[in-house]
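Visitor: Below are the chains, spelled out letter by letter.
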Amino acid sequence: MKGLGTVFLYAILTLVALLTLAPLVWMVSASLMPTGDASAFPPPFLPARITFAHYTRLFTNLNLARYLFNSAFLAVSVTAISLFVNSMAGYAFAKYRFRGRDPLFKLLIASMIIPSQVTMLPLFLMLNKMGVINTYIGVIIPGMASVFGIFLMRQFALSIPDSLIEAARIDGAGDFRIYRSLILPLCKPILVTLAIFTFMGTWNDFLWPLIVMTDDSMYTLPVALANLSLEHVQDTELMMAGSVMTIAPVLILFAAVQRHYISGIMAGGLKE
Amino acid sequence: MNTSPVRTFFCALPLLAAFAGCHGAGDGRTRITFWALGAEGEHVAKLIPGFSKRHPDIDVKVQIIPWNAAHEKLLTAFAGESLPDMCQLGNTWIPEFRTLNTIDNLTPWVAASHTVHESSYFPGIWDTNVMDSLLYGVPWYVDTRVLFYRSDLLAAAGCAKPPASWEEWFDISAKIKARYPGSYANFFSTNNEWAPQVILGLEKGSSLLKENNTLGDFSGPEFTEAMRSFYTFFRNGWAPVKTAQIVSVYQAFAEGFFAMYITGPWYIGEFMNRLPDSLQGDWMTAPLPGPGGGIGLSLAGGSSLVMLSRSRHKPAVWSLIEYLSEPEQQLEFYRLTGDLPARVETWRDSSLAHNRYAGAFFRQLNHVRATPKVPEWEQIAQKVREYTELITMDQYTVEDGLRALDREVNVILEKRRWLLHGR
Amino acid sequence: MAGNRAVILFLGPALVAIGVFFFLPVLAAFALSFTDFDIYALGSFAFARFVGFKNYAQLLSDPLFWKAFRNTLEFLLIGGPLSIAVSLGAALMIQSKLVRWKGFFRTAFFTPVVTTLVAVAVIWRFIYHPRFGLLNYLLSLVGIGGVDWLGDQHWAMPAIILMAVWKNFGYNMVIFIAGLQNIPAELYEAASIDGAGRLQQLRTITVPLLAPTTVYISILTMIGYFQLFSEPYVMTQGGPLNSTLSIVLLMYQQGFRWWNMGYSAALAFVLFAFILVGSVIQSRIQKRWEAS
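Residue numbers (this note's numbering), protein chains in the order written: chain A, 219 to 490; chain B, 157 to 579; chain C, 766 to 1057.
In isolation and in its complexed conformation, chain A is listed as follows:
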């Protein structure tokens, strides 16, 4: 009986895994097909002939390298800045006592319920007045701090023994020195997790870059891909190549660091 149950379970799991991965595998397969091959009935699973022409076209005609750079630059910048800002704030909430600390923190948590789309129009007008529409700064600014990041950081920092901090203080270290040399190294796991979250989130972000970037040389990959798909509706293989280029970097990153990423989600999921 147990044997049968096991086989059954494996069968279902494998089937679901296949169904889950099939669209992505097909995306890669179609990106290598010659133009027009994907639009056939029955739809082909494997290319009859492998061609890299679409990738070439993306980079030579359609400026993909620029979009790749924009996405990468923004993702790295936002990650670096927000790690800095969020970790400081999270540490402060965890280890410093000051008036209004807990109500302030609760207010921040409560604000997570407000959908970000509420802010988009006024934020757009505000950044416009500041003259940063269509610049990298325009995308970096809303990503500089996130309540989620502060929350995770605080959670982790709470577990650092106060005695360690006391000891460092007695040794004469200043606040920033303690933060830089003691706290940050101890928080490496959560920092890595947060970095991955932020990087992927920024890389995949669509609506805000769509609104802020008016020049096509400033587009990020998702925005460029959306434009591509609206214009080259008939060119399936080309669009699949575009999708591959958009997804591949995050997938590779994910494969490399999935343990941290997934454990971070678990940690976030088990709040009080």
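If you are wondering where the hints come from, they were derived from the structure by calculation, not from laboratory data.
C-beta atoms are modelled at their ideal positions from N, C-alpha and C, and glycine is treated no differently.
Errors might be hidden in some of the hints.
Unchecked claim - Residues from chain A shown here face chain B by an in silico Cβ test under 7 angstroms; the list is partial: (1) D255; (2) N346; (3) N352; (4) T432; (5) N445.
Please arrange chains B and C on chain A, whose structure you already have, making use of the hints.
Guide: Only chains B and C this time, still in chain A's reference frame:
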């Protein structure tokens, strides 16, 4: 004191970002940006080298914006004050951008020009660029809608010629449906387009909006009559109600799924390229039939070239506008894109004169009218499409649907009323 | 603990960033929603009027708004439970003692979560193609006729729901796995010694002990699903016949396409109100469930 390298990096980041975001010419030449929309963008880039040879001191940067996103992008750029120096605009958008005070009056430039004269252009088309007697755009290419039809299917149903009046149109439709019950006589893309509906309204004499364009007139007698006729096509099964099932228009046309289709000049190229060779002798274009006979009115469509008010290089922009308006460039552009040139004399050139499909367009272009020149037109046109689609699906009667449409249009125009009737 | 200077240094950047670039726009949006700021006002501020609750009244009587609301609710009420059920099922299967290679399956199921939504929508748009799409092909293999998924007003939203479930179930699955791992194995051992069958153990141990996790996931999912935007934007632009128009898509169209900014801001706050009400209702229901 050693500053943390980390700290330095963060301080440098904004600077880096600021620099990365800016692009300048820097070599003493005048740099102008030109936004071209859709496929035109890809092709106009090929005309630029010729311009650069004549004007080596002007550097033109062409940016291509897809049509679907163009409206949003233009408005966002306006709000973000990042509009280009020069732009292609659909001529129905001119009122909008005029209201925003973003485009310049070109009348003085035209008056001093040797190349651009009002007499060189189709009057109905020139008119779309005129607001308050001032010219805001130079017509670049034109389009209008005519009837594309399968001559072989019409012949098989006993009709030697395309319809010349609405009555003939209904008659031919009935005959085709009788001959080919599994197919349709007409195709109206109600899930996508508002043009045929508006055209029928114009042909019946509707002004679409009334009282200085502050109220909707869609429930007025003319438009209502036009929509009753429109509905006739669907009620009698002469046009498919479920338009989404036609995934490829070319394919459906080739298969004879429908025999007549109202659309624009870009389909000349598309049909020539995509229809099988065996069918190339079996389709043709004709001007639209008027309600009582003769050529009916059609839309004065197309794109214009506009000069943005914020540009700091207006003479350079005008040079480019003039260049693209020259008969040779108009002709070359037509060869590249299949878009019909706005200059009338270009039509006399051999390649266009010999294009048998273009003849219908030439005749039609002398019977075109602009849509109401209000900034809200784009939004209103979408509503027209929505409600006429619902009418064809029997979710509203013609009268109820048009009344509901007018109610919504009046809401859209409320601000305009407030502004015009004294705040 | 050390002085206020340190707190200001540490909290400053974050609070300033969040205050200026989040809370301030929220307040501004609130103010904007009481004006008729539109394209005319964009040309000149003098053309904006204070209109009180007119935007809110208008949207509550706009049939398009209610269509968007119904569509969003459909997405939420069908897609939400479906997604959570699939996540839970996957988590249970992976956590089963009978299964090895847990890591592999977990990674496989999680992969769609990290993919870029726009890229995925492009793929699925083709999978749903009436003639050449994989889905209709697979259906035809089992004898079911094809459907024009994204072109048929009755099937477009289900098509989007299916894609959303595919994309998201891995995320909640991982949280469920964490929750399941927290249930002491001894409980199950004790139960099986007592003769309880697997299904019974599921009912009496797993489900109740997973309740806090389930509540957390449900609320998060609800909040996320209310904000449906990218999928219809890329795949259907709200069509066909506005059957996939969501509240945020409507807000985007009104705000960034037609520049009815006051109206768009009002839409945003109505959305916020819905989410708030939804969260409160949901946590009340589930607190009661927990208590029993």
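Visitor: If a hint holds in the structure, say so; if it does not, say that too.
Guide: These are the hints, each one checked on the structure:
1. D255: This hint is violated: A/D255 lies away from chain B, its Cβ roughly 17 angstroms from the closest one there, beyond 7 angstroms.
2. N346: Where the cut-off is 7 angstroms and the nearest Cβ of chain B is about 5 angstroms from A/N346, the hint holds.
3. N352: Status holds, d = 5 angstroms.
4. T432: This interface hint holds because 4 angstroms falls under the 7 angstroms limit.
5. N445: Holds, because the Cβ-Cβ distance from A/N445 to chain B comes to roughly 5 angstroms (cut-off 7 angstroms).
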